[in-house]
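S.K.: Protein chains in written order, with the working numbering: chain Y, 570 to 796; chain X, 570 to 796; chain A, 4 to 215; chain L, 4 to 215.
Treat the hints as calculated values from the structure; they're not laboratory data.
Remember, it's a predicted structure, so these values are computed and weren't measured experimentally.
Ideal placement from N, C-alpha and C gives every residue a C-beta, glycine not left out.
There is no bait here: all hints are sound.
Non-contacting residues of chain Y with respect to chain X, defined by C-beta distances greater than 10 Å in every case (computed):
1) 570
2) 574
3) 657
4) 667
5) 762
6) 794
Chain A stretches covered by chain Y per the calculated footprint, using a threshold of three residues with CB under 8 Å from any CB of chain Y:
7) 63-69
8) 88-99
9) 167-179
Given next are the chains, with one letter for each unit.
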Amino acid sequence: MIDKIVPTPEAAVEGIRDGATVLVGGFGTAGMPFALLDALIAQGATDLTIVSNNAGNGDAGLAALIAARRVRKVICSFPRQHDSWHFDRQYRAGEIELEVVPQGNLAERIRAAGAGIGAFFTPTGYGTLLAEGKETRTIDGRDYVLEYPIRADVALIKARAGDRHGNLVYAKTARNFGPIMASAAALTIAQVSEVVPLGALDPECVVTPGIFVSRVVVAHEATPPSW
Amino acid sequence: MIDKIVPTPEAAVEGIRDGATVLVGGFGTAGMPFALLDALIAQGATDLTIVSNNAGNGDAGLAALIAARRVRKVICSFPRQHDSWHFDRQYRAGEIELEVVPQGNLAERIRAAGAGIGAFFTPTGYGTLLAEGKETRTIDGRDYVLEYPIRADVALIKARAGDRHGNLVYAKTARNFGPIMASAAALTIAQVSEVVPLGALDPECVVTPGIFVSRVVVAHEATPPSW
Amino acid sequence: MNKLDRDAMAARVARDIPDGAYVNLGIGLPTLVADHLPEGREIVLHTENGLLGMGPRPAAGHEDPELINAGKRPVTTLPGASFFHHADSFAMMRGGHLDICVLGAFEVSVGGDLANWHTGKPDAIPAVGGAMDLAIGAKRVFVLMEALTKEGRPKLVRECAYPLTGRACVSRVYTDLATFDLRPDGVVARDLVEGLDIDALRRLVDLDLRAG
Amino acid sequence: MNKLDRDAMAARVARDIPDGAYVNLGIGLPTLVADHLPEGREIVLHTENGLLGMGPRPAAGHEDPELINAGKRPVTTLPGASFFHHADSFAMMRGGHLDICVLGAFEVSVGGDLANWHTGKPDAIPAVGGAMDLAIGAKRVFVLMEALTKEGRPKLVRECAYPLTGRACVSRVYTDLATFDLRPDGVVARDLVEGLDIDALRRLVDLDLRAG
Numbered sequence: 570m571i572d573k574i575v576p577t578p579e580a581a582v583e584g585i586r587d588g589a590t591v592l593v594g595g596f597g598t599a600g601m602p603f604a605l606l607d608a609l610i611a612q613g614a615t616d617l618t619i620v621s622n623n624a625g626n627g628d629a630g631l632a633a634l635i636a637a638r639r640v641r642k643v644i645c646s647f648p649r650q651h652d653s654w655h656f657d658r659q660y661r662a663g664e665i666e667l668e669v670v671p672q673g674n675l676a677e678r679i680r681a682a683g684a685g686i687g688a689f690f691t692p693t694g695y696g697t698l699l700a701e702g703k704e705t706r707t708i709d710g711r712d713y714v715l716e717y718p719i720r721a722d723v724a725l726i727k728a729r730a731g732d733r734h735g736n737l738v739y740a741k742t743a744r745n746f747g748p749i750m751a752s753a754a755a756l757t758i759a760q761v762s763e764v765v766p767l768g769a770l771d772p773e774c775v776v777t778p779g780i781f782v783s784r785v786v787v788a789h790e791a792t793p794p795s796w
Numbered sequence: 570m571i572d573k574i575v576p577t578p579e580a581a582v583e584g585i586r587d588g589a590t591v592l593v594g595g596f597g598t599a600g601m602p603f604a605l606l607d608a609l610i611a612q613g614a615t616d617l618t619i620v621s622n623n624a625g626n627g628d629a630g631l632a633a634l635i636a637a638r639r640v641r642k643v644i645c646s647f648p649r650q651h652d653s654w655h656f657d658r659q660y661r662a663g664e665i666e667l668e669v670v671p672q673g674n675l676a677e678r679i680r681a682a683g684a685g686i687g688a689f690f691t692p693t694g695y696g697t698l699l700a701e702g703k704e705t706r707t708i709d710g711r712d713y714v715l716e717y718p719i720r721a722d723v724a725l726i727k728a729r730a731g732d733r734h735g736n737l738v739y740a741k742t743a744r745n746f747g748p749i750m751a752s753a754a755a756l757t758i759a760q761v762s763e764v765v766p767l768g769a770l771d772p773e774c775v776v777t778p779g780i781f782v783s784r785v786v787v788a789h790e791a792t793p794p795s796w
Numbered sequence: 004m005n006k007l008d009r010d011a012m013a014a015r016v017a018r019d020i021p022d023g024a025y026v027n028l029g030i031g032l033p034t035l036v037a038d039h040l041p042e043g044r045e046i047v048l049h050t051e052n053g054l055l056g057m058g059p060r061p062a063a064g065h066e067d068p069e070l071i072n073a074g075k076r077p078v079t080t081l082p083g084a085s086f087f088h089h090a091d092s093f094a095m096m097r098g099g100h101l102d103i104c105v106l107g108a109f110e111v112s113v114g115g116d117l118a119n120w121h122t123g124k125p126d127a128i129p130a131v132g133g134a135m136d137l138a139i140g141a142k143r144v145f146v147l148m149e150a151l152t153k154e155g156r157p158k159l160v161r162e163c164a165y166p167l168t169g170r171a172c173v174s175r176v177y178t179d180l181a182t183f184d185l186r187p188d189g190v191v192a193r194d195l196v197e198g199l200d201i202d203a204l205r206r207l208v209d210l211d212l213r214a215g
Numbered sequence: 004m005n006k007l008d009r010d011a012m013a014a015r016v017a018r019d020i021p022d023g024a025y026v027n028l029g030i031g032l033p034t035l036v037a038d039h040l041p042e043g044r045e046i047v048l049h050t051e052n053g054l055l056g057m058g059p060r061p062a063a064g065h066e067d068p069e070l071i072n073a074g075k076r077p078v079t080t081l082p083g084a085s086f087f088h089h090a091d092s093f094a095m096m097r098g099g100h101l102d103i104c105v106l107g108a109f110e111v112s113v114g115g116d117l118a119n120w121h122t123g124k125p126d127a128i129p130a131v132g133g134a135m136d137l138a139i140g141a142k143r144v145f146v147l148m149e150a151l152t153k154e155g156r157p158k159l160v161r162e163c164a165y166p167l168t169g170r171a172c173v174s175r176v177y178t179d180l181a182t183f184d185l186r187p188d189g190v191v192a193r194d195l196v197e198g199l200d201i202d203a204l205r206r207l208v209d210l211d212l213r214a215g
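Just chain Y, with the same shape it has in the complex:
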């Protein structure tokens, strides 16, 4: 019997180790797994490399993890925001590393990890600072940069509903990085607003098949606005 439902966010984040690479879902606050991040802070893992689109908003979620000084390095596309003060402060103090990746390359590198692709040539970033030192190639007259997969130990994501097999559906633009992050981590943990009985999700509409998901936990939380 497959039952990936765990009772609490604390149980969901069990076993995450110091030094882990952790994919964190969300675009701003939409899709950010706040309950899992709170549990991770309580759990205590530190020296983490975080891969996420942003570097935290306000004082909650990923920002709180950074504020708690658990993050060694951030790999993201857009760290600097009006409310990324915790990241900003540590970055300016030289206390946190940053790798900036164009958003589509970030997504494709995560997807490549999940899809077993060893590397790929992308046109995005060619001829810019963010491609400096990287291998390039002209193919059929277009210039490309070679980019490598981003594999992770853990993915923390948020979905709308899930079942005991770990099948997931998302809410609107909160889907963002969830499906690809789910595929790219050894341990994928999803917080959901609702657990539904097996068979309740239409097989035509499942977005993340359960094979990619290790643990599912219900968390009743309102998403704070990003604006």
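Take the given structure of chain Y and dock chains X, A and L to it, following the hints.
M.R.: Below, chains X, A and L alone, put in the same frame as chain Y:
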């Protein structure tokens, strides 16, 4: 006003030129766009390069197009089947070219074309006949072959339902190559069992967004069994 | 001369977007274009965080924190909308499926190089987001920006001084003074604002322009 | 000795598939494994044409031509199933998400090389399908085959003579005579059928085996 619905399969295949590269959906008969293939035979385009998983079943659909001698070359993963007699005869007579591609590389090459990826390293096929002469590389201790996108002039696919924007949903395992082929052709033509009003498809469940689709036509046809 | 205001600039871009186009409007000034799309045209807006068929800002009190645009502002969906994940969304851009992308810029070169992500200042925290993907992510990339900086320096230049977002990707620049088509054989200026002639524009932007 | 019949061979594989495993069963003999999965285990079957949660063959008259497996035979879905397109399906395999893949073979080498797609005969029409993807497409790849050809030649060999499907990908071979674990330090044979001892097996397959 966007209205991609065309009245007949004949109107749907208008403008396909001799020498075109045509992606043809389907895995066996599931997802094979029979009405569009019949219309293409009537339309007369010849000297075609066909990209499809198989090389035709029985005497209908892609097999009929081959039988009508409109196909110069087939790029596929599995041409040889119990009922691929039209392809088999022309292949043995040296009248049709064949490029055999492992099924997952075929899918990923089509996806790469749609996604603007210049080339990618795949482990599939490494060290086999099908990788002979291809660039290889060892990345993080694993061996890969470099594969290139397959772009096409036209995609002929079959879906369950569509709307006037070209949004599509599929039927079960007849989904197979439809979504990636839709993304990889300059002109994507979908036959659907049903046209639904704009807004009738749940935005969470649309599989192929309309941006990938040029024309939609209703065709009432029963899928012949593959077995 | 009568410089265009922000709304008039946006309206000029909007006028050139044809019926049926799939369009991404960048953050900032380009977002305004949505408010000026001509009546009777059906234009599908893409937002790279995973939505085609984006509608206008919702009425107050109807905002949904899980339905936002790339600028992280609340939006709505129109009939025919679809949601997808980030890899699919950026594949859609990188694959050249969008007809038009409209972006803001610090600088654009006459060769179509775009600089809009980084001031290059040593103390600036670099943040690129989808800028580099948008730069190469449409059949045509338009820039919408003021022609001159606040200090009066032209922003359409021979070579960009700011770090690049993409090379040779911009084909047209809409400004508050004129519209510039960046062609292989030179820059064509058209739709000059009232009270501005081509010679005066040449002096202002310090470029060898043809009148279009 | 009592060679196992096809059902008994399939049952041996089935016995080793743990509860909760995600499994792809190749065309032919491996398909039989589904009929022998032990009661009380929940095992999710993947078919590479785009379905997780594949169920058994439908009752006569309930076949759906649009619901088939990789062998193009009618199947059903179980609760918890999901459909996806080919790029996603093969990404799932290539990305190493399946626990076990069970394949047939012409030959397997002691180093784990697999040959199961092409006889190499000059008049054969080459057709690979998903064979090469399956060969590298799971955490563990098992082969299920007769130990000997009809002519009595061993199919577990030092080096494959047939064209390869994949290199160093097979970790275990189930046969009608015994089960062989292919380890870096050599081949371990276990579960020999009644009436067969390790020395007799060594002679039959012409390999230096350890008893497991």
